[in-house]
Structures are given as structure tokens and as C-alpha cells.
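Participant: Residue numbers (the working numbering), protein chains in the order written: chain A, 3 to 278; chain B, 50 to 228.
No wet-lab data here; the hints were simulated from the structure. No residue lacks a Cβ here, since even glycine has one placed at the ideal position from N, Cα and C. Misleading hints may appear alongside valid ones.
The calculated lysine-lysine pairs, modelled on DSS-like cross-linking and capped at a C-alpha distance of 30 Å, are [stated by the list, open to error]:
#1 A:K174 to B:K132
#2 A:K136 to A:K18
#3 A:K115 to B:K132
#4 A:K115 to B:K179
Taking beta-carbon pairs under 8 Å as the criterion, some of the chain B residues facing chain A (in silico) [what the hints assert, rightly or not]:
#5 A65
#6 L99
#7 G108
#8 P109
#9 L110
#10 G146
#11 A189
#12 G201
#13 I204
#14 E217
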Amino acid sequence: MRREDVVEATVAVLAKAETSLPPWVMERIEEAAERETNPIARSQLEAMLENVRIASSEGVPLCQDTGLPVFCLEIGWDLSIPPFLEEAIAEGVRRATEEVPLRPNAVDPLTRKNSGDNTGPGMPDLIVDLVPGKSLRITAFPKGAGSENASFLAMLNPADDPLDFVAREVAKRSGRACAPVFVGVGIGGTFDLAPRLAKRALFRMPGTSDLETALLSEINRIGTGPMGLGGDSTALGVRIETALCHTASLPVAVNLQCWANRSASATVRDDGWSID
Amino acid sequence: MEHRLKTPIGEKEVSALRAGDLVWISGKVYTARDRVHALLASGEDIPVDLAGAVIYHCGPLIRDETILSAGPTTSGRVSRYTKDVVGRGVRLIVGKGGISEEAEALRGRAAYLAYPGGCGALAARHLLVKRLHLPELGMAEGLWELEAEGWGPMIVAIDPHGGDLYREASRCLMMDTKP
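Based on the sequences and whatever the hints tell you, model everything.
Facilitator: If you want it as C-alpha cells, here you go:
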């Protein structure tokens, strides 16, 4: 595997993720706009769709918050992991920041000093999955602060109703999170496993079990609507991931994603790379 | 009702706004987010006159003096400064997510307008860069002076008379009941 291929694939997935939305995400927003009965809410959804069309045709980031660089790496078991992998992805982020361009968003949490290129300690954030095969799949999930700031973790009492809790908290926070939102829910595990499940649930959308459909309708029934201005479309998708938890615990984490559910993937092989 | 407003905004123009109305803005717009608000609240002089002004909760993406993407940022982070901002003469605050907890500070003096979050490419079509004040704060946090041309529609989300779409939308939550 060539270092330059990893760098180029990283630039390409960031450029695509920032300037367009996956077709299934567009479909969910279009369906919501058709169903919406509140005229103000409908105007918000229509503006969002028009915004994506402009961004795609002009090749500019659809949101000025180009996010923090979060990637999911699916690494084939039969691939020997190249020693330059992390560094090449960071190099791709720096190049994308210059070329797409991206807003420099990454700052030191204490001094608030901006690193200037979206890389530095802990960034990019690489989430690794081992999968069959001998290729590397890079998926960019640029994560904006609006929906990330509205995400939450709670260590509930086992007697509490986790789904009712999630529905009410999501409705309460969804205006700030740029609703209609996508809701990644992690239930169970430990203090840190629950948020990992929630993030994974966001990555793995779509998919909708009876439980997920019920939670989605409960969130939408509350009626806080697009941008919190009221309406039928507060959430566009829910995915729940669970893990066993201690008999005395009930950890619940929700990772929210704004309507601009950005992602794009590329596959890197020994002999080159291609966008998925 | 629809309102096409030009800066500076007068008291009568603001007073005519009602929650749910649509607004288009032309003229000067100043971006302000966490760092600029903190300066304002500390009583520091800032290099612009805010009488009748429109401030926009936004950290734009700008390249070579061209706005590429400039949607709103979450207003809740700076809502605590609403009194300071309105005290300096600001008539319209544009953002997303609302400032319901500080809505009283707007009463009789100013209104809060919602622009759809994430719609940075759309907003960029109606905004030009005039200059950057406080460049030491960086691209996102600096105070950009922008020129707007028919920028909208925005929704009057909180009017100067107590009307508040966010409060209405969350009534069901406050009642704390399931059907």
C-alpha cells in the first residue's frame, strides 16, 4: 500500500463528504418535507435541500462548520497495517483543509489555541474495525459541534425507562442540534462503552427495528420540529445498539447528528484507491 | 407577514415583527460568536457601531475574501450575553436554536431571527465580505463585517412582544405528559 494513495483517498472522502450528502440521507429529508404539515417547518426542510443542491453544484462545503475529522477505518485482516497509516491520514486532513477548503476548527481544550489545520493531539480521530479481506476502507464522518454538543450520556437507575428518557432529551436538545436529527443510541455496557455504541449506531444507520421505529415516532410526536421551531420532523432516523451491562447499572448514551449527516468512503488496495 | 428590512434597523421596524413572520435583510451584518460576545460583555470597546445593527451568530468559512459557507451557529452558547448586546443597540439577532432563556432582554427593543442551520452554501449567496475586525480571533471567532443583499427568508422566532416559537414548540415537553 502506498502512502500517497492513503493521503489522496483521505482528501477525496473529505471533499465528497463536505460538499454533498449520501442519497439515503437526501431521501429522508425529501420524505420529511413532503410529509410535513407545519409551513414554517416545511420551509426549513426545503432550504436544507436547496442548500445541498447549491453546495454540490458549486463544490463548496454545505455547512461552514466543516467539523472535526472523524474517520472509521475498516482494516482487512490480511493487510499488513502500514506504519505510515495514521500520519498519512493526518496529512490528508491537512491537505483537505487547504484544498476543499475546511474551516480550521481544532483548538487546544485549555488554551483554546487553534492548531490551524484541523490536526494535532487526538485529531484526526480514527475508529478502527477489523474486517475480512486485504484492503483498507476509509470513511470520513466530519462531526460538527452543534449536534455533538447536544449529545449526552446518563447513568440511569435500572428502574428508569431508557427509551422515554431518550425521547424527551432528544426532543429538548434537537433545536440546538440542527433538527431534524439522526439519533445514535447506545444502551448498556459501561460508562465509556455506551457512547462508543452510540457513535457506532450513527455510523451504521440506516436499519430500523420495531423498537427504533417506536422511538422515532415518540421523538417526532413531541413536536419540537426542524430547528426547534415546531413541526412533525424532529428526527429522521434512530439506531439503537446494546451491550450487556452490570445488574446495578443502566448506562444510556445518545450521539446526535444534524440533518447534514455527512459521510463518504474510499477503498485503498495494494495497487491504488477508488472512491466508493 | 413579510418584511424586507435595510440596516440600520429602527425601533418601529422591529416593533412590527411578530413570531412566525418572514424577514429578508439588506445592509450591514456583523458576525459574532463566543469570543466577540465575551469582549462585549467585559465592556471592551469593539471597532464597530452596533446602534440599529444586525448581528449574526456565525463563524463563516471564507477563502480569499469570498464567503464559501456561512450558516448560523448555536445561539444558546452566547444567549447569556443578550442583555449586553441589546444594550449596545443591536435590533436583530440572527442565529439558530433560539435564546428563549434570555428572551426578556429582547422585550420592546429587539427580535431574534432563525436562519436554517447548516445552510451555509445558501446563505453565502446573499453575503459579501466587507472587512474583518479583530483578525487575531481567527476565521471562526473574528468579527466579520458583511454586506447582505436580500438575505432570507428568516423566521421571526422571538419577537419583542413576548412571542416565542421555541416555547410554543416545546409546550408538549413542559406539560410532561404522554398521550
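Participant: Now tell me, hint by hint, if it's right for this structure.
Facilitator: Hints versus structure:
1. For a cut-off of 30 Å, the pair hint linking A:K174 to B:K132 stands: about 24 Å separates their Cα positions.
2. With a C-alpha separation of about 24 Å, the suggested pair A:K136 and A:K18 falls inside the 30 Å cut-off, and the hint holds.
3. For the proposed pair A:K115 and B:K132, the alpha carbon gap of about 28 Å is at most 30 Å, so the pair holds.
4. With a C-alpha separation of about 26 Å, the suggested pair A:K115 and B:K179 falls inside the 30 Å cut-off, and the hint holds.
5. Because the beta carbon of B:A65 sits about 19 Å from the nearest beta carbon in chain A, more than 8 Å, this interface hint is broken.
6. A least Cβ separation of about 23 Å between B:L99 and chain A goes past the 8 Å threshold, and the interface hint is therefore violated.
7. For B:G108, the shortest C-beta to C-beta distance to chain A is roughly 6 Å, which falls under 8 Å, so the interface hint holds.
8. The beta carbon of B:P109 comes within 5 Å of a beta carbon in chain A, closer than 8 Å, and the hint placing it at the interface holds.
9. About 4 Å separates the beta-carbon of B:L110 from the nearest beta-carbon of chain A, less than 8 Å, and the hint is met.
10. The interface hint given for B:G146 is met, as the beta carbon of that residue sits about 4 Å from the closest beta carbon of chain A, less than 8 Å.
11. Because the smallest distance between the Cβ of B:A189 and any Cβ of chain A comes to about 6 Å, under 8 Å, the interface hint for this residue holds.
12. Using the Cβ-Cβ criterion of 8 Å, the hint placing B:G201 at the interface with chain A is not satisfied: the shortest such distance is roughly 10 Å.
13. The restraint placing B:I204 at the interface with chain A holds, with a minimum CB-CB distance near 6 Å, inside the 8 Å limit.
14. With its C-beta approaching chain A no nearer than about 6 Å, B:E217 sits inside the 8 Å limit, and its interface hint holds.
Checked against the numbered hints listed earlier, the structure breaks hints 5, 6, 12; every other hint is satisfied.
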